[in-house]
Amino acid sequence: MAEKTSLINAPIVFHIGPVPIGLEVLTTWVIMAVLVGVAWYGSRRLSVTRPGRFQVVLEMAVGFLGDLIRDVMGAEPDTFLPLIGTLFLYIVTCNLSPLLPGVKPPTASFETTGALGLIVFCTVHILGVRRRGLVGYLRTYLQPTVIFLPLNVLGELTRTFALMVRLAGNIMSHELTIAVIIGLVGLLVPIPFMALSILVGLVQAYIFTILAAVFIGGAMGTIEKA
Amino acid sequence: MNVEMISILSAGIAIGLGAIGPGIGEGIAVAGAMDALARQPKATGTITRTLFVGLAMIETMAIYCLVIALLLLFANPYVHA
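Those protein sequence lines, which keep their order, are chains A and B.
Here my numbering runs 424 ahead of the position in the first sequence, where the first position is 1.
Here my numbering runs 1494 ahead of the position in the second sequence, where the first position is 1.
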């Protein structure tokens, strides 16, 4: 039964006071430390005239994310790059973490993706209010007419919920598929499916990032409301 | 028919029926994107990005069904094992 519940509920590793720390949270901390460490190591010796290999790689990543945001949102990426870029890098690292043996990706649990969805949800409203003012932002919910108010509110909630379920559902289902295939045929056959899980992980991270950018851009009025 | 059997059956029915609609929808979306790519090869970037976002939206329906099926199989609130 413990094996069964671990699909939905994370196994508890240890407690800090009354707060139980699950395996996902621990993996998240390790991934956060790795990302911070890589970024610190890469940006330690920055040089304009003689960039090292690692600096070029980091610049490519930042440039890719900046172009993505500029294309999707139609705005200069400076304001959004820290949030959206971090989301992308974190989700990519999480989705690719099961390539290491024994690691369960944190994004396969609904708690992690729920937290990420909540971050996007709060950012959308805070930036929307800051950009348009409270009255102006609330008025967008009355578009095109007053009758659409419940639909707009419902759409706001369900799209965040869908954002959360999509990421966790995809990653979790792929983990499950690989587990089932390993149970059926042990050797070599699961490898193509694991390769497919790399693609799925990258695509899902890309989609989460684009949708977050679209939602934020829609609330701020830089693009048409999605 | 006890609760376990009904849960297993309905999990299969949920994902089986729930995959039909998104399957047809994604087929139509990809067909439209291929058509657009053949007409406008220069717009590849925009079409691909929009296609991915649209496919993710459509696929969410299938993922909902999958989550329901997984909940029925592994976290069923009516089965006390």
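Honestly, the hints are just simulated from the structure, not real lab data.
Fair warning: there could be bad hints in the mix.
To be verified - With the Cβ distance kept under 8 Å, some of the chain B side facing chain A (calculated, not the full set):
(1) ARG1543
(2) LEU1545
(3) PHE1546
(4) ILE1552
(5) THR1554
(6) VAL1561
(7) ILE1562
Fair warning: this is a prediction, and the values are worked out from it, not measured in the lab.
Here a beta-carbon is modelled for each residue, glycine too, at the ideal position from N, C-alpha and C.
These are the hints, each one checked on the structure:
{"no.": "1", "hint": "ARG1543", "in the structure": "7 Å, holds"}
{"no.": "2", "hint": "LEU1545", "in the structure": "11 Å, violated"}
{"no.": "3", "hint": "PHE1546", "in the structure": "6 Å, holds"}
{"no.": "4", "hint": "ILE1552", "in the structure": "11 Å, violated"}
{"no.": "5", "hint": "THR1554", "in the structure": "5 Å, holds"}
{"no.": "6", "hint": "VAL1561", "in the structure": "5 Å, holds"}
{"no.": "7", "hint": "ILE1562", "in the structure": "10 Å, violated"}
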